[in-house]
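Participant: Can you build the whole structure from these sequences, using the hints too?
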Amino acid sequence: MAMEHSIMTDNPTADNHNDDDHPPVDDEPNWEEIVQHDPSRSEVSAFLSARRRRDEANERFATGLDILHDSVQQSMDGLVEIVNTLLNDRATKLYEYEVNLKNDYVHNEKTRANMQAKLEESARAAQGMFANLLMRVAKPGDTMGGGMVSMSGTVRNSENSCNDVNGMNMNNYDTNIDGGDEEPDWNAIMMHEPARSEVPTFLDARSRREAACSRFESAIEEFQTSVGDYAQEVTQAVADVYNSRTTRLDEYEQILKHDYVANDEMRTKMRSEIEESATAAHDMFEELMKRVMQPQLQRSLATGSFTQAVTLGGSP
Numbered sequence: 029m030a031m032e033h034s035i036m037t038d039n040p041t042a043d044n045h046n047d048d049d050h051p052p053v054d055d056e057p058n059w060e061e062i063v064q065h066d067p068s069r070s071e072v073s074a075f076l077s078a079r080r081r082r083d084e085a086n087e088r089f090a091t092g093l094d095i096l097h098d099s100v101q102q103s104m105d106g107l108v109e110i111v112n113t114l115l116n117d118r119a120t121k122l123y124e125y126e127v128n129l130k131n132d133y134v135h136n137e138k139t140r141a142n143m144q145a146k147l148e149e150s151a152r153a154a155q156g157m158f159a160n161l162l163m164r165v166a167k168p169g170d171t172m173g174g175g176m177v178s179m180s181g182t183v184r185n186s187e188n189s190c191n192d193v194n195g196m197n198m199n200n201y202d203t204n205i206d207g208g209d210e211e212p213d214w215n216a217i218m219m220h221e222p223a224r225s226e227v228p229t230f231l232d233a234r235s236r237r238e239a240a241c242s243r244f245e246s247a248i249e250e251f252q253t254s255v256g257d258y259a260q261e262v263t264q265a266v267a268d269v270y271n272s273r274t275t276r277l278d279e280y281e282q283i284l285k286h287d288y289v290a291n292d293e294m295r296t297k298m299r300s301e302i303e304e305s306a307t308a309a310h311d312m313f314e315e316l317m318k319r320v321m322q323p324q325l326q327r328s329l330a331t332g333s334f335t336q337a338v339t340l341g342g343s344p
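So my numbering is basically just the index in the sequence shown, starting at one, shifted up by 28.
It should be emphasised that the hints constitute simulated quantities derived from the structure, not laboratory data. We treat Cβ as the ideally placed atom computed from N, Cα and C, and that holds for glycine. Hints should not be assumed to be uniformly reliable.
As the list claims (entries may be wrong) - Taking lysine to any residue pairs in the SDA-like style, the calculated list, with each CA pair at most 25 Å apart, reads:
(1) LYS297 - ASP55
(2) LYS138 - GLU226
(3) LYS297 - ALA308
(4) LYS297 - PRO57
(5) LYS121 - ASP311
(6) LYS297 - ASP311
(7) LYS297 - TRP59
(8) LYS121 - SER305
Unchecked claim - Label pairs and their computed distance ranges (CB to CB):
(9) TYR258 - ARG69: 45 to 53 Å
(10) GLN322 - ASP55: 51 to 59 Å
(11) ASP55 - ARG81: 15 to 23 Å
Facilitator: Set out below in structure tokens:
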């Protein structure tokens, strides 16, 4: 999962050059025009190359932070998955033991009830036999058949009592409980030893196990949340340190951009002033030359007129 760590990519305005002539952050100067003259021709190329490398480094650093955060999260998720697997395996085995114990308790109770019914049946049969013997002693003429019929009736009655002992119908119990979700009648099972002392211990241990599993699940969720927050705090702290180190570089970049623009404007202005000065000097020189040449021309004209006059006056 990708994370944003607030890495500074914009260039803040430098405090020492916060004036109206400072170019906006996103306003790039006309580098092609600036590099037409020295020393900008060599310096600007180095500046732009360094800025490009720093931008690339910022992008690599941001990507690295995302990878760091994801790797930490994946590592923690992997550890949690391992612990969960171990816990689930242990819980599955304990659940199987629980199902087996429940089945054993039900089976033992059913077996005990059957044995108790058979004991009661045997007791009644023995009592009937003993009564028949007493009757035979008292009445020698009685036959064994009558006694056997009485005993058979006693046996048939005992078969009905076998399925209903202490008010609990044992036919309702299955020794293979489906999935262990069906709860037996613990009150009926605990009416006899050793289940009377063992079943409360079993139920208490099962309650403690379920409570422990619930606490573990809550702890795992809290751990995963805390790990995610911790990874975010660590990566954000790294990003803050990186940003604090790059802030001055951003300010220097703005200063250099401002200086390059200001120097180019000054160079253009000085060149214009020099050209204006050269034009003015040239005009002044021409004016001086006119002033110097005008007396000479006047003297030349005067000398020519005098010579012409002399020449004309001396002729016959």
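Participant: Does the structure keep LYS121 and SER305 at a Cα separation of 25 Å or less?
Facilitator: violated, 102 Å
Participant: With a cut-off of 25 Å on the C-alpha distance, tell me whether LYS297 and ASP55 pass.
Facilitator: holds, 22 Å
Participant: Between LYS297 and ASP311, is the straight-line Cα distance small enough, at 25 Å or below?
Facilitator: Cα-Cα ~21 Å, so holds.
Participant: Given the proposed pairing of LYS297 with TRP59, does the C-alpha separation stay at or below 25 Å?
Facilitator: Judged against 25 Å, a Cα distance of about 18 Å means the pair holds.
Participant: Should the hint that GLN322 and ASP55 are 51 to 59 Å apart at their CB atoms be regarded as holding?
Facilitator: Cβ of GLN322 to Cβ of ASP55: about 57 Å, so the range 51 to 59 Å holds.
Participant: For the pair supplied as a hint, LYS297 and PRO57, is the alpha-carbon distance within the 25 Å limit?
Facilitator: Judged against 25 Å, a Cα distance of about 17 Å means the pair holds.
Participant: Going straight from one Cα to the other, do LYS138 and GLU226 come out at no more than 25 Å?
Facilitator: This hinted pair holds, its Cα atoms lying about 16 Å apart.
Participant: Is it true that ASP55 and ARG81 lie within 15 to 23 Å of each other by Cβ?
Facilitator: holds, 22 Å
Participant: Would you check the hint for LYS297 and ALA308, treating anything up to 25 Å between C-alpha atoms as holding?
Facilitator: Within the cut-off at roughly 16 Å; holds.
Participant: Tell me if the straight-line CA distance from LYS121 to ASP311 falls inside 25 Å.
Facilitator: With Cα atoms ~110 Å apart, LYS121 and ASP311 exceed 25 Å; violated.
Participant: For the hint 45 to 53 Å, verify it against the beta carbon of TYR258 and that of ARG69.
Facilitator: holds, 52 Å
Hints 5, 8 from the list above are not met by this structure, while the remaining hints are.
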